[in-house]
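Peer 1: Chain residues, written in single-letter form:
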Amino acid sequence: MTDTAVNTGEVAVFWICSILAVAGALGMVLSRKAVHSALWIALTMINLAILYVANSAPFLGMVQVIVYTGAVMMLFLFVLMVVGVDSSDSLIETIKGQRLAALVFGLGLAGLLIWGIANGLAETNSVGLDAANAADGGNVQGIAHLIFTKYLLAFELTSALLITAAMGAMVLAHRERWTNPPKQKDLSIDRFLGDGHPGNLPNPGVYARHNAVSTPALLPDGTPLEESIPAPVRARMDAQPVDHADVRDVHEIAEGAGE
Amino acid sequence: MNPSNYVILSAVLFSIGTIGVLVRRNAIVVFMSVELMLNAANLAFVAFARMNGNLDGQVVAFFVMVVAASEVVVGLAIIVTIFRTRRSASIDEPNLLKY
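The listed protein sequences correspond, in order, to chains A and B. For the first sequence, the working numbering puts the final residue at 259, and the numbers step up evenly by one. For the second sequence, the working numbering puts the final residue at 358, and the numbers step up evenly by one.
Just to be clear, a hint being listed does not mean it is correct.
Here are the computed distance ranges between Cβ atoms for each label pair [said to hold, decoys possible]:
| id | chain 1 | residue 1 | chain 2 | residue 2 | range |
| --- | --- | --- | --- | --- | --- |
| 1 | A | Phe192 | B | Val326 | 51 to 57 Å |
| 2 | B | Arg346 | A | Asp195 | 18 to 24 Å |
| 3 | A | Ala71 | B | Met260 | 30 to 36 Å |
| 4 | A | Ala71 | B | Asp315 | 24 to 30 Å |
| 5 | A | Pro232 | B | Arg343 | 18 to 24 Å |
| 6 | B | Asp315 | A | Gly137 | 14 to 20 Å |
| 7 | A | Leu103 | B | Val326 | 27 to 33 Å |
| 8 | A | Trp178 | B | Asp315 | 49 to 55 Å |
| 9 | A | Pro202 | B | Arg343 | 30 to 36 Å |
| 10 | A | Ala173 | B | Asp315 | 32 to 38 Å |
| 11 | A | Ala131 | B | Arg346 | 53 to 59 Å |
Hints were generated in silico from the structure; no laboratory data involved. For glycine and all other residues, C-beta sits at the position ideal for the given N, C-alpha and C.
Go ahead and model the full structure; you've got the sequences and the hints to work with.
Peer 2: Right, dumping it as structure tokens:
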């Protein structure tokens, strides 16, 4: 039986989506930051959804978009926010030569799989799902028919699995409080007896020429106050010293105002 | 174009996922690589379903998605729990079970 399902349009869809999917997968492995990895793999998953639809599996395509790019990737990003966005990978190899060995292993696996598949399936023609989809009136109806007859036990077991997973996640993520939560009085005592700054920190500098949050405020004696820059901005500036050009600017402005 | 190209694409994605699991040290990225491998297997299931002309492959892919979703939930909860006690998401850190 010849396969009439693969037409020119599908060939174009296949090449565009497969190249994008592989690019997303490579970007996921290669990018240093975990958030970038998450975005790359979202690209891969969306392209896989399009390929499912091209393979006459519209139901799975929609489930892929909703479950994977919707729920699973959101969960990944949420956990990344909890764990800390800046938790990038260390480049130290704990086992010597592990990276090279992994690369050789992975490329070998890819070579064996592709060689085997290309040899084994070269003569295969696909039957196509048009008849199977039409038998029950549609793809969704066909899958529902199978789930509720042939795979009913497996389907029932997945409900137990989902409930167990939800319970497990709740138990694992739950933190028991051993002490009473601190009251406002305790917080106030901590604030004033502790080492930190009791009140609000001063705002960053807002001047005529610079009103960026990365510009420090000036103390009365003209020295810049680094604490006035918000801590995340300070961390991103990579322990850069305070820009003294800004300070000079401020002095110039002050002198000009006095004249 | 032969429909087996889809299976070859799935093999490529699976291998990239394997390399990711072996190379990366961040637990969350390792997890994403596992997800990529599951997705690649799903693509192979869908392609085989089309080649054979019945929907069983699609049903199995659907079950894989359900299992992957619950796996992600539990796995990420474990990562968060480890992060809370060890302040690290690196898979080199939790070596306490060794001793």
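Peer 1: Next, verify each hint and record whether it holds.
Peer 2: To see whether the hints hold, each was checked on the structure:
Checked against the hint of 51 to 57 Å, the pair Phe192 of chain A and Val326 of chain B passes, with Cβ atoms roughly 54 Å apart. Distance hint for Arg346 of chain B and Asp195 of chain A: a CB-CB separation of about 21 Å, consistent with the stated range 18 to 24 Å. Evaluation of the 30 to 36 Å hint for Ala71 of chain A and Met260 of chain B yields a pass: the beta carbon distance comes to about 33 Å. The supplied range of 24 to 30 Å is met by Ala71 of chain A and Asp315 of chain B, whose beta-carbon atoms lie about 25 Å from each other.
In this structure, Pro232 of chain A and Arg343 of chain B meet the distance hint of 18 to 24 Å, their C-beta atoms being roughly 22 Å apart. A C-beta distance of roughly 18 Å is found between Asp315 of chain B and Gly137 of chain A, which places it inside the suggested range of 14 to 20 Å. Distance hint check for Leu103 of chain A and Val326 of chain B: the Cβ-Cβ separation is about 29 Å, which falls inside the suggested range of 27 to 33 Å. Judged by the Cβ atoms, the range 49 to 55 Å given for Trp178 of chain A and Asp315 of chain B holds: they are separated by roughly 52 Å.
A C-beta distance of roughly 34 Å is found between Pro202 of chain A and Arg343 of chain B, which places it inside the suggested range of 30 to 36 Å. Distance hint check for Ala173 of chain A and Asp315 of chain B: the Cβ-Cβ separation is about 36 Å, which falls inside the suggested range of 32 to 38 Å. For the hinted restraint 53 to 59 Å between Ala131 of chain A and Arg346 of chain B, the CB-CB distance of approximately 57 Å keeps it satisfied.
Against the hints set out earlier in the document, no violation occurs for any number.
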